[in-house]
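Mind assembling these two chains? They're in different frames, but the hints should get you there.
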Amino acid sequence: MINLASRDVLHGWGKFLFTGIGLGLLIGATLTMAGVFRGMVDDGQVLIDNSGADLWVVQQGTLGPYAEPSSIRDDVWRGIVGIQGVAETGNAAYLTIQMQQAGKDTRVMIVGIEVDRPNRPGAPPYLTSGRPILQGHYEAIADEKAGLRLGERVRIRRHDYTVVGLTRRMVSSSGDPMIFVSLKDAQEIQFLKDNDALVNERARTATNPAFNRPGVPGLLEAAQASATQARNVNAVLVRLAPGTDADVVAGDIRRWNRLTAYTKAQMEDILVAKLIATSAKQIGMFLAILAVVTAAIVAFIIYTMTLAKVREIAVLKLIGAKNRTIAAMILQQAMALGVIGFLVGRMAAGLWGPAFPKYVLLLPQDAIGGFAIVLTICALASSVAIRAALAIDPAEAIGG
Amino acid sequence: MDTPAIKLTGLKKRYGTGDAAVDALKGVDMTIWPGEVVGLVGPSGSGKSTLLKCLGAVIEPTAGHMELAGEVIYDGVWKISDLRALRRDRIGFVFQAPYLIPFLDVTDNVALLPMLAGRDNAAARKRALDLLTALDVRHRAGAQVSQLSGGEQQRVAIARSLANHAPVILADEPTAPLDSERALAVVRILNDMAQQYNTAIIVVTHDEKIIPTFKRIYHIRDGKTHEEAGEGRPI
Ligand SMILES: Nc1ncnc2c1ncn2[C@@H]1O[C@H](COP(=O)(O)OP(=O)(O)OP(=O)(O)O)[C@@H](O)[C@H]1O
Ligand SMILES: [Mg+2]
Chain G
6 MINLASRDVL HGWGKFLFTG IGLGLLIGAT LTMAGVFRGM VDDGQVLIDN
56 SGADLWVVQQ GTLGPYAEPS SIRDDVWRGI VGIQGVAETG NAAYLTIQMQ
106 QAGKDTRVMI VGIEVDRPNR PGAPPYLTSG RPILQGHYEA IADEKAGLRL
156 GERVRIRRHD YTVVGLTRRM VSSSGDPMIF VSLKDAQEIQ FLKDNDALVN
206 ERARTATNPA FNRPGVPGLL EAAQASATQA RNVNAVLVRL APGTDADVVA
256 GDIRRWNRLT AYTKAQMEDI LVAKLIATSA KQIGMFLAIL AVVTAAIVAF
306 IIYTMTLAKV REIAVLKLIG AKNRTIAAMI LQQAMALGVI GFLVGRMAAG
356 LWGPAFPKYV LLLPQDAIGG FAIVLTICAL ASSVAIRAAL AIDPAEAIGG
Chain D
371 MDTPAIKLTG LKKRYGTGDA AVDALKGVDM TIWPGEVVGL VGPSGSGKST
421 LLKCLGAVIE PTAGHMELAG EVIYDGVWKI SDLRALRRDR IGFVFQAPYL
471 IPFLDVTDNV ALLPMLAGRD NAAARKRALD LLTALDVRHR AGAQVSQLSG
521 GEQQRVAIAR SLANHAPVIL ADEPTAPLDS ERALAVVRIL NDMAQQYNTA
571 IIVVTHDEKI IPTFKRIYHI RDGKTHEEAG EGRPI
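So the protein lines, in turn, are chains G and D.
Here the working numbering is used: position 45 in the first sequence is 50, and no number is missing along the way.
Here the working numbering is used: position 88 in the second sequence is 458, and no number is missing along the way.
For the record, the hints were derived by calculation from the structure and aren't laboratory data.
None of these values were measured; they are calculated from a predicted model.
Treat each hint with caution, since some may be false.
Unchecked claim - Okay, the calculated beta carbon distance ranges per label pair:
1. D:D500 with G:W18: 29 to 35 Å
2. D:D500 with G:L22: 35 to 41 Å
3. G:R329 with D:S414: 33 to 39 Å
4. D:D500 with G:L356: 48 to 54 Å
Unchecked claim - Sample of chain G residues facing chain D (criterion: CB under 7 Å; computed from the structure):
5. I7
6. E317
7. I324
8. A400
9. I403
Glycine included, every Cβ here is placed at the ideal spot set by N, Cα and C.
Next comes chain D alone, as it looks inside the complex (with noise of 0.2 Å):
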């Protein structure tokens, strides 16, 4: 436990120059240990996804540090040539809708991310079968996405996240779409998924359902973050 998954400090981002210039981070600071499932909340447009979207290397920051696994990969400038290798390898992505490749079945849906990472096939699919195996969806290995409840596709989703071992999982409103016992159904997943791959899962949410399950909260207001203990409710 001592090398965080996540480490920000004093990141910012702004969009647009000028007159047009929103500041749309103003300084986060952040720290989320592996296996920790940690949520992130704030009112609409107070840079969540933003945030989101720093970590997830797909917008630069405008200014501050930013560490994975202990690797420094921002400061000031990327600090890492290959982003694209970066996703696929060390961050897991969990999308509100679950965004699984509608032309691929089930298991290749898993097993794309290991195969784009260069492993062979069969490896590939083993790894996806195991993973799917454990989020209790391995019945369903050769169906078609759209064959799927919306349920069964967010664990997909989240095995795929999981399928190159990232350190870290960024979850986008993981259980929008969901009722209240299959929403929490998800974050027992996401929990046990935390513990048992040694994995840091940063949870943005509105989902009055689930942040009383959160041990720890970041509140996220007009660009900056503040900590807080959560319920830790039990599921």
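Here chain G stands alone, though its shape is the one from the complex (with noise of 0.2 Å):
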């Protein structure tokens, strides 16, 4: 027996690769939006990874220093140096700034670090090109992605920095690339401000009903503090000896000096869980419509595919042929579809995925598990085309 669905297929492929490549692009939408939510995690994980952390300390009762923000003096590292197990620690400062360089606004986010050791919890892992930061001023690591090349200088609010290292993949959990720089420099570029504004400042924020939130004691202390003090930092990042169960320190940490510490898997469940929640039901109700959108064109292109060869199904069935080789015709058109389809648009995301702004994570089990939701919907979507050419009378093959 020949292959009814592939002769036709061949009989028509202009037509039917056209169709395939229309619905390839549908695809490649769909696992691009998948793979804009992966990245957003992706994100949200390399960020807690390459930050070399085991603990993040920060204001009681905050989500710091990435989802909320935090403030705490920047001395509380000395309470947390001695408890058992701790091995080092970080002071890091996090701020989100617009920086104007080369007539291009990026937004980037200013990290503080510590740099009178090297490898110091939050600072960045590995850098591509460079040197670490040596001097306690004006010297600046920074993301591939923040398009900045190396000895280039560049003005970060009142100063002018000079690049000296490059790292990748060391982005805010909203994707921003990040610059380092010392934790002195970062201070200043976060808290300080000239005297007039301070003063100002002041008396507005104190008036300022957003900081006079009920249930939200502190705040105004808190925003106080942070406006007019250079000796406060975002949090403290801690590395733990081998072996150290960091629950138990972070639980000592929390007893004793009255901050919130968070272990790496609570910090997980803030970055991924909690901070991009609504992004990922956001992304969620796009891929579902997505999905369905795909179930409806597919079934239609079936569809019309099927009712132009009415008068063939009906020939088909006058001279015998059964009604499951019609039906397999028209399911195998429908996976072919399908596969061109996949084909398409796993092709289509790989090559504009580099191109978004955010970083496009395309997994290999997101491209399988979608190959196997597209073949479901290509299947179930034939079936609307196999049960209309069921219906088809070979009567009508004879005609009036």
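Written out as structure tokens, the structure reads:
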């Protein structure tokens, strides 16, 4: 027996391929959407992994330093470093700014790290070129995505910084590239203001209802303090000695220092589950709609293709083709369309993914899952056409 | 010549029920012998297509008796459970338009029937090529259907109807779209094939050009048939 589906496809292959490519672009958009979500998760994950920390110590009761503002004094590390199991601490300051460089407006996250010793928690774990920050002032290490070159001078607020090193995949939870500077520089950028501004600011802050919200005690004080003092940081990153139970140390820190401490797992929960929860739902909705649209389009295409063959199907039935043969023909065509669509879609997503401003992570398991879903959708969608084909009366071939 | 290829007695077909009922066939008697080409003529609405559909087992008669090559296939109810297999193996169809499958080449259009009947591809294609040779379209064997002339397409359709050695071929206006020369050529082929393969062929037609060629004609009028000798003019 010859394969009717493939013969039909080959006979009108141009049209079929064109349809498959169209469907593929839609599938490509769907895969990219999933990749955007994976990229967001991955951004959060690398933020945690690349920080080199096992614990994050932040202002009590906050989800800091990435998901909520957190401000603690820059000497709290003294109380932490003595705790059993703590190997190394690092003060860290984070702030997101809009940076103008060579006429381009880039959103970057400034990260202040301690540069007295190499490899403090919070520092970038590897450099793709250049060297670590050696001087206490006005040197920077930039993520490659910031678009800066080695040796380039970049203006951040009131000072010029020299890019001495480049690193990769160091981005904030919202995907903005990081620029590392010394903690002192970061504190200045973050907290210091000129005197007039300071006085005005204080008065304004005190009357600002946003800082006097019921249920957020201490917010005004924290805001005032952070506005006037350069002696604050956003978090202390803690590296533990091998074999130490992070939960135990976190418990100790919480108990003795009136601070909040998060383990890696908790931080992951904050960054991956809480911070991007709304975006995840947003993307989930989008994926669901795209799946329905894909199903509708496949159903429509296959249905139209089948209706165009009513006469041939009537003849096939008249000359004795089984329902099974006809159903298989339609199902196989739907599947072929799905396969072409998927291949085109995966290729398209791979091509346009890197052009996206944020990280798009196309995971093999998403591709496999997507392929299975596409085939399922095609099979389900073809059922409409199969039903129509089986309803065709062989008498139609004889006519009136 | 002792077993008729087709034997109909008192075949009736009523469409619909109640007030809307139409008695399209009101008791058709018909006997056709193997190797015969018989004309079936009648005015529009007389029941020709209805009769062909009953014979082709695509609609069920309402009453009567129907035998195919000696086997009772209808006697008030169908006596055969797999009507598709019946159509595939024992009835050939030729239509006004050739109704070939456009996505198969000429050979596979013919070979499809034996393939549907379970023959392997090589045997089916051999059968197809033999028939294409007999019908003088062997040289178009690898062509696409759309590249064939109308007459060639009709010959391929005839080859297809013969592919499973069916004892009966039903031809519905097979010459309508052809000029008189080609129409007569098709009738000649049908006669040759009937002889060569001992097949009974019923040709439904309005076509004045070919009516004189039949030796026997069934006239159908108002759901009833009566037989008449034709001119049997040589082609
Ligand atoms: N499916 C149907 N339902 C109801 N009535 C039908 C149906 N098919 C045919 N008829 C009626 O049965 C009668 C015979 O129709 P049939 O199609 O057999 O005529 P015909 O001889 O083939 O005519 P023509 O030469 O115009 O094709 C007509 O009165 C027609 O209206
Ligand atoms: Mg008719």
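Against the structure, the hints:
1. D:D500 with G:W18: 29 to 35 Å: holds (31 Å)
2. D:D500 with G:L22: 35 to 41 Å: For L22 of chain G against D500 of chain D, whose Cβ atoms are near 36 Å apart, the range 35 to 41 Å holds.
3. G:R329 with D:S414: 33 to 39 Å: With Cβ atoms ~38 Å apart, the hint holds.
4. D:D500 with G:L356: 48 to 54 Å: holds (53 Å)
5. I7: holds (6 Å)
6. E317: holds (5 Å)
7. I324: With Cβ-Cβ at 6 Å, under 7 Å, it holds.
8. A400: holds (4 Å)
9. I403: Since the shortest Cβ distance to chain D is 6 Å, the answer is holds.
The structure agrees with every numbered hint stated previously.
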